[in-house]
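Participant: So the sequences go chain by chain: B and A. Heads up: the first sequence begins at 1 in our numbering, then just goes up one per residue. Heads up: the second sequence begins at 320 in our numbering, then just goes up one per residue.
Some hints could be false.
[Stated by the list, open to error] If you want a taste of the chain B side facing chain A, the calculated C-beta under 8 Å gives, among others:
(1) Ala29
(2) Glu137
(3) Tyr140
(4) Thr155
(5) Leu212
(6) Glu213
(7) Gln287
Note that these hints are calculated values from the structure, not bench results. In this text, a Cβ means the ideal position worked out from N, Cα and C, and glycines have one as well.
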Amino acid sequence: MQFKDYYQTLGVARDASAEEIKKAFRKLARKYHPDVSKEKDAEQRMKEINEAYAVLSDPERRAAYDQLGKGYRPGEEFRPPPDWDAGFEFSSHGFSPHEAADFSDFFAQIFGGLGGARGFRAAAGRTGGAGFRAQGEDHYAKVYLDVEDAFTGATRQISLRVPRQDERGRVTLASRTLNVKIPRGVHEGQIIRLAGQGSPGLGGGSPGDLLLEVHFKPHPRFRPEGRDLHMTLPVAPWEAALGAVVSVDLPSGPVKVRIPEGTQSGKTLRVRGKGIPGEPPGDLLLQVQVVLPPADSPKARAFYEQMARELAFDPRRGD
Amino acid sequence: MSEDEILVGSLLEDTWLTLEQVAAACDVEVDWLLAHLNEGLFPQVASVAGVWRFSTAALTRARRMRQIERDFDAVPELAALVADLLEEMDALRTRLRCRGG
Numbered sequence: 001m002q003f004k005d006y007y008q009t010l011g012v013a014r015d016a017s018a019e020e021i022k023k024a025f026r027k028l029a030r031k032y033h034p035d036v037s038k039e040k041d042a043e044q045r046m047k048e049i050n051e052a053y054a055v056l057s058d059p060e061r062r063a064a065y066d067q068l069g070k071g072y073r074p075g076e077e078f079r080p081p082p083d084w085d086a087g088f089e090f091s092s093h094g095f096s097p098h099e100a101a102d103f104s105d106f107f108a109q110i111f112g113g114l115g116g117a118r119g120f121r122a123a124a125g126r127t128g129g130a131g132f133r134a135q136g137e138d139h140y141a142k143v144y145l146d147v148e149d150a151f152t153g154a155t156r157q158i159s160l161r162v163p164r165q166d167e168r169g170r171v172t173l174a175s176r177t178l179n180v181k182i183p184r185g186v187h188e189g190q191i192i193r194l195a196g197q198g199s200p201g202l203g204g205g206s207p208g209d210l211l212l213e214v215h216f217k218p219h220p221r222f223r224p225e226g227r228d229l230h231m232t233l234p235v236a237p238w239e240a241a242l243g244a245v246v247s248v249d250l251p252s253g254p255v256k257v258r259i260p261e262g263t264q265s266g267k268t269l270r271v272r273g274k275g276i277p278g279e280p281p282g283d284l285l286l287q288v289q290v291v292l293p294p295a296d297s298p299k300a301r302a303f304y305e306q307m308a309r310e311l312a313f314d315p316r317r318g319d
Numbered sequence: 320m321s322e323d324e325i326l327v328g329s330l331l332e333d334t335w336l337t338l339e340q341v342a343a344a345c346d347v348e349v350d351w352l353l354a355h356l357n358e359g360l361f362p363q364v365a366s367v368a369g370v371w372r373f374s375t376a377a378l379t380r381a382r383r384m385r386q387i388e389r390d391f392d393a394v395p396e397l398a399a400l401v402a403d404l405l406e407e408m409d410a411l412r413t414r415l416r417c418r419g420g
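Chain A extracted, bound-state conformation (with noise of 0.2 Å):
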């Protein structure tokens, strides 16, 4: 491919990924994000028809998850709850940008 080539990305409106897109994605293992997910630790990941679908913000919390289990050896539970508190962090930190804060 020249580099004056230009390419056109098609938009995810919905922005659905599958499993092993999001495996793939933060670097985890099928496996990991399964046990995490029948643990009820993903609440916005939904299961349709047998297919498990992700948002862009599971995806966030996925590569949260993982890294907080790494860099500290937490139990996932554990960096589920870290996850839900920047969650609600980066909530608040857009309520403010949009208040002009």
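Isolated chain B (complex conformation) (with noise of 0.2 Å):
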């Protein structure tokens, strides 16, 4: 495991006050904003980031952190000591098992049992009580899916990262594979519920349910909006001009969509209920655009040189 200095993630000198250090954590989550962040690697920063100040904006983490980092460097291998925690005495300011997750396994070694995840501590506490019981919590977490999948159905092997208390009452973080049948029909934004699949229950409480938000992948061709589909159709220009029957491919198979007579590059073409399935299933929307073949023989050349004769075209007319 590697050291991480937290302290330069946040680019503050190692004798920061709380208050520079709320500045520079302001002015970094303004940066990195997963939602507004033109930064490529974004989200991953603000991981970086938030766990960076989740220690360094707690006096007991930040305490705890400095005494345990003395001597060590960024991305030096890095082992606490057994118990090195016995001197200190943290109160319960917690993070979430949620925000857990997200953070680095280096965290969860040094602070898994510091005023942790609220939720394990919780629960903890409430075990011993006589006939208590309780239902498990449910845990959230996306899946990036590809569109096909709504379309055919498919078992997805999916990983998560969960904290789990161990019996030191340390909080750790586990890798948990699932394999998840997708329904036919999923759309973005969707929830897939599984019953069952979160926290465990207390004292024979029935475990929470684990809910995965669904999100697709981008795909070169296929652009999902709610259950509707759009793609670029590209056509020739005398399928454009004359009308024609085409063929467009589609995860569930091939459909024939025709195109009118006189349809225009940038027309959007609806088939309905050839989108993704579902009830009502979502439509098919063709973006259509014309597409010239290049005029790079003698042939195309005269093709082209007889039609500007012939057709007296001026597309910069306004009628």
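Join these two chains into a complex; the hints should help.
Facilitator: This is the structure we're talking about:
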């Protein structure tokens, strides 16, 4: 496990005041906010920044980190001595299990048992109560699927990092792999509920559920919007001008689409019920793109010259 | 559970979540959500027969508002305003993507 320099992550000196740390965090939180940042690695950077701030903004954790990290450099191999935290007393400043799942192994190794994940701490404190019974918490995670999965259904292996409490009360991060059947007809933003796959219950209570929020990976051809499916349809000039029936390949197989006579480039054709399946199914929206054949042979050039002479067509004329 | 076992999930067709489910998914207290609901900061969340029903869009909004409040010590109304702008941006980005942009 490599040592992490949280001061370097936030770009502050080791003796920075709490106010300076907060200011640095806000500046970086604005820069790397995943919804607006143009940086490629914004999401990952934001996790690192959150982790560093979770430690340095808490006086107790910061003191422990400072003592433990003396003499270490970023990236250096690190292993905390056993019971290194014996002399510390930690308050209940907590971070949630969901946040802990986003943090590094380094964080989990050091702070897993220190005023840690409040869900686990609360749970540990309640297990002794006679007759106490509680349902486990629901867990929430995002899952990224291929658009094709929505058409055919699929079984996907999904890896999650989940915080678990060991017998000493420390929270560690464990990898959990699930094989999940993706129902046909799933669409962006929808939630798949896996009953009983959340936190275990207490005192015989039923376990929580795992809620998976569906997102699609970017696809070179298909652009889903709810159950509707958008795609660009390249057509030849004569298909657009004269009308034609063309074949469009979809994940469910090819469909025949009629292009009306006189269709202009940029026009959208709606094919009802051929989008993502469901009740009701979505539509297929084809944005027509007229593609010109290259004038790269004497014969092709002759065709274009003939059209120029005989059609008297001016695309810049308003009427 | 063995790793080979295949879990079959149920699809929440209308994707309604309860107050408690949203609170757990966003790491917030139920009271935090109720206070924001009472201030009208979740315009798309409806109470049906006394039960709050959240869509997945409201879940995303709750997570965003909580993050903005926490990271920038923002007052709830400001967090809601930022969430409004981010939702508008999401809608425009989706339209742009569907047009192949």
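Participant: Taking the hints in turn, state whether each one holds.
Facilitator: A quick look at each hint next to the structure:
1. At about 5 Å, the closest approach between the beta carbon of Ala29 (chain B) and any beta carbon in chain A falls short of 8 Å, and the interface hint on this residue holds.
2. Look at Glu137 (chain B): its Cβ gets to within about 5 Å of chain A, closer than 8 Å, so that hint holds up.
3. At about 4 Å, the closest approach between the beta carbon of Tyr140 (chain B) and any beta carbon in chain A falls short of 8 Å, and the interface hint on this residue holds.
4. Proximity of Thr155 (chain B) to chain A holds as hinted, the smallest CB-CB distance being about 6 Å (cut-off 8 Å).
5. A least Cβ separation of about 7 Å between Leu212 (chain B) and chain A falls short of the 8 Å threshold, and the interface hint therefore holds.
6. The beta carbon of Glu213 (chain B) comes within 6 Å of a beta carbon in chain A, closer than 8 Å, and the hint placing it at the interface holds.
7. Checking Gln287 (chain B) against chain A by beta carbon gives a least distance of about 6 Å; that is within 8 Å, so the hint holds.
Comparing the model with each numbered hint stated earlier shows that all of them hold.
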